[in-house]
Amino acid sequence: MSWSWILAAVVFWLATWATNQVLAQKRFKDKTMQGSVDVLIPILFGAALLVLWEGVCKGFSVPTVLLPPPSMIWARITASTDILWADFRQTYLKAVIAGFVMGCGSGFIAAIIVDRIPFLRKGLLPVGNLVAALPIVGMAPIMVMWFGFDWESKAAVVVIMTFFPMLVNTVAGLAASGHIERDLMHTYGSSYWQTLFKLRLPAAMPFIFNALKINSTLALIGAIVAEFFGTPIVGMGFRISTEVGRMNVDMVWAEIFVAALAGSLSYGLLALLERAVTFWHPSYRKR
Amino acid sequence: MTLQSFLRDKLIPIGTVLLAIFALWYVFTVVLNAPFERDQAERAGVEISTLELISNTMAQKRPILPAPHQVAVEIWQTTVEKNITSKRSLIYHTWVTLSSTMLGFALGTTLGILLAVGIVHSKVLDKSLMPWIITSQTIPILAIAPMVIVVLNAIGISGLLPKAIISMYLSFFPIAVGMVKGLRSPEVMHLDLMHTYNASRAQVFWKLRWPASVPFLFTSMKVAVAISLVGAIVGELPTGASAGLGARLLSGSYYGQTIQIWSALIAAAVLAAVLVMVIDLIGRTVTRRMGVVA
Numbered sequence: 135m136s137w138s139w140i141l142a143a144v145v146f147w148l149a150t151w152a153t154n155q156v157l158a159q160k161r162f163k164d165k166t167m168q169g170s171v172d173v174l175i176p177i178l179f180g181a182a183l184l185v186l187w188e189g190v191c192k193g194f195s196v197p198t199v200l201l202p203p204p205s206m207i208w209a210r211i212t213a214s215t216d217i218l219w220a221d222f223r224q225t226y227l228k229a230v231i232a233g234f235v236m237g238c239g240s241g242f243i244a245a246i247i248v249d250r251i252p253f254l255r256k257g258l259l260p261v262g263n264l265v266a267a268l269p270i271v272g273m274a275p276i277m278v279m280w281f282g283f284d285w286e287s288k289a290a291v292v293v294i295m296t297f298f299p300m301l302v303n304t305v306a307g308l309a310a311s312g313h314i315e316r317d318l319m320h321t322y323g324s325s326y327w328q329t330l331f332k333l334r335l336p337a338a339m340p341f342i343f344n345a346l347k348i349n350s351t352l353a354l355i356g357a358i359v360a361e362f363f364g365t366p367i368v369g370m371g372f373r374i375s376t377e378v379g380r381m382n383v384d385m386v387w388a389e390i391f392v393a394a395l396a397g398s399l400s401y402g403l404l405a406l407l408e409r410a411v412t413f414w415h416p417s418y419r420k421r
Numbered sequence: 008m009t010l011q012s013f014l015r016d017k018l019i020p021i022g023t024v025l026l027a028i029f030a031l032w033y034v035f036t037v038v039l040n041a042p043f044e045r046d047q048a049e050r051a052g053v054e055i056s057t058l059e060l061i062s063n064t065m066a067q068k069r070p071i072l073p074a075p076h077q078v079a080v081e082i083w084q085t086t087v088e089k090n091i092t093s094k095r096s097l098i099y100h101t102w103v104t105l106s107s108t109m110l111g112f113a114l115g116t117t118l119g120i121l122l123a124v125g126i127v128h129s130k131v132l133d134k135s136l137m138p139w140i141i142t143s144q145t146i147p148i149l150a151i152a153p154m155v156i157v158v159l160n161a162i163g164i165s166g167l168l169p170k171a172i173i174s175m176y177l178s179f180f181p182i183a184v185g186m187v188k189g190l191r192s193p194e195v196m197h198l199d200l201m202h203t204y205n206a207s208r209a210q211v212f213w214k215l216r217w218p219a220s221v222p223f224l225f226t227s228m229k230v231a232v233a234i235s236l237v238g239a240i241v242g243e244l245p246t247g248a249s250a251g252l253g254a255r256l257l258s259g260s261y262y263g264q265t266i267q268i269w270s271a272l273i274a275a276a277v278l279a280a281v282l283v284m285v286i287d288l289i290g291r292t293v294t295r296r297m298g299v300v301a
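Protein chains in written order, with my numbering: chain A, 135 to 421; chain B, 8 to 301.
Among the clues, some could well be false.
When the alpha-carbon atoms are kept at most 27 angstroms apart in a straight line, the in silico DSSO-like pairs for lysine-lysine are as follows [what the hints assert, rightly or not]:
#1 B:K188 x A:K160
#2 B:K188 x A:K347
#3 A:K256 x A:K332
#4 B:K130 x A:K160
DEER-style ranges, computed between Cβ atoms [to be verified]:
#5 A:I217 x B:V195: 54 to 60 angstroms
#6 B:F13 x A:F281: 36 to 42 angstroms
#7 B:G298 x A:L148: 44 to 50 angstroms
#8 A:I247 x B:G166: 43 to 49 angstroms
#9 A:E315 x B:T292: 36 to 42 angstroms
#10 A:F162 x B:Y204: 29 to 35 angstroms
#11 B:L39 x A:L227: 25 to 31 angstroms
#12 B:P75 x A:F281: 17 to 23 angstroms
#13 B:R45 x A:V199: 48 to 54 angstroms
Just so you know, these hints were derived from the structure itself, not from any lab. We put the CB at the ideal spot given by N, CA and C, even for glycine.
Put together the whole structure using the sequences plus the hints.
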């Protein structure tokens, strides 16, 4: 046990906390200044967490099997980029993206059909709401059995997982445009499709992006968990489950880091896209 | 709701959809299992009539897709006809999963509420913690599940707690976000009224913010309980398939017992639906007692 590590970590923690305390209370006149401070505060907090993690690991000499310090994980990441890239390609570029596109696409089309037929809406929506709450990950072993060990089965799990949130949200979104707007379209003598493309789909976009954002996380989870049930010898889920068995915890953390990075980046990308598409929405308008 | 509108808006549409699902299920059973039967008949060198083929596809031991009645029979056998302490009883496994779900859910709800209270009352926490709470959910946390289980097992913590921790991690997020929204939902006018009463922070919290947030709490609890069940099931996967619905799924997939997988899935689905309904019922009762007009 070395107290210097712990002391250093705690001091750093307190220093960032104090800085944040000061920064959070201040009001900046300049808009860009305020914006960058708002970004800086969580980054400082995250850095403090990392340093505290490192300090506690080194200070109390926590066995690396239990919790490796961040520096060791980073060393592992830089040392084995080729394995990480191969896993990333297998799990993310093949399974997740294919499944995400198919699941969201079919959910979207199903939602438009459901919206067109009121009987289906009454019948399918309660069922869809229920299914969206079910532990669908459990379908993974069945999909592996049907579609084999390669990425197709993982994509199938992702399709099922992403379908229902998309369906439910899009149907809710299509109902979001107001009566007045719809009546206006009616007075223009616009057809069903014109109303759909010019009014109702744009109005549904916030809901659709909500589903896309939920699905981006779900898709990664689905693909990784499906790999626990059988996979070729490559893939993030495969690597995690085998390296846990071999007690190579730093490799597991490296894999988690990649997953977290991929998850956050795709979420961020969708958020940016949302901003571009729904620029008219009150929450994005300049105040 | 009158009986007629109940029939028109609920029973008939939902019933039709459910019937359609069952019909499709049977069709797929026949289509997916038929190649195996044809293969068997060909090897035995006998002609098989279409009717025989269809009835055979619904009675296989290890079908690709079991027929609904096969799953129903399996569920009946493993719930009613087995002693509930038996390791082959579905009720036993459901109970194992339910207990870790509930523990994780309780922990997650507590953590979520505490975080929300902190975030609402401290500007620093709001600015520094909130972005990380959101980032924490873009991490596919279930990926860590096997590691949490194995590592905690290595230092001697096993059984309920590791699974509950995974459930907690998954379920605190909707609670925290919902409660932040709920605790901030009182209008400025109400807050000003409390201010004119010279109410302390604690009084504002207990008499205004907390009651105002209760509907939000129950809405997010419904989401949270469903995902803590998912967490518990995934948490059971790497424990070496000892007990729980996740273990049933895993052992079923190892030994090709599709009927067992499907019955575990149905059990999980029923459990999820019941949990959500119970929370919904409690929520409705509480909000009605608090004077909210439904």
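Now the hints, each set against the structure:
no.: 1; hint: B:K188 x A:K160; result: holds (24 angstroms)
no.: 2; hint: B:K188 x A:K347; result: holds (19 angstroms)
no.: 3; hint: A:K256 x A:K332; result: holds (25 angstroms)
no.: 4; hint: B:K130 x A:K160; result: holds (11 angstroms)
no.: 5; hint: A:I217 x B:V195: 54 to 60 angstroms; result: holds (55 angstroms)
no.: 6; hint: B:F13 x A:F281: 36 to 42 angstroms; result: holds (41 angstroms)
no.: 7; hint: B:G298 x A:L148: 44 to 50 angstroms; result: holds (46 angstroms)
no.: 8; hint: A:I247 x B:G166: 43 to 49 angstroms; result: holds (47 angstroms)
no.: 9; hint: A:E315 x B:T292: 36 to 42 angstroms; result: holds (38 angstroms)
no.: 10; hint: A:F162 x B:Y204: 29 to 35 angstroms; result: holds (34 angstroms)
no.: 11; hint: B:L39 x A:L227: 25 to 31 angstroms; result: holds (29 angstroms)
no.: 12; hint: B:P75 x A:F281: 17 to 23 angstroms; result: holds (22 angstroms)
no.: 13; hint: B:R45 x A:V199: 48 to 54 angstroms; result: holds (52 angstroms)
The structure fails none of the hints (numbered hints given earlier).
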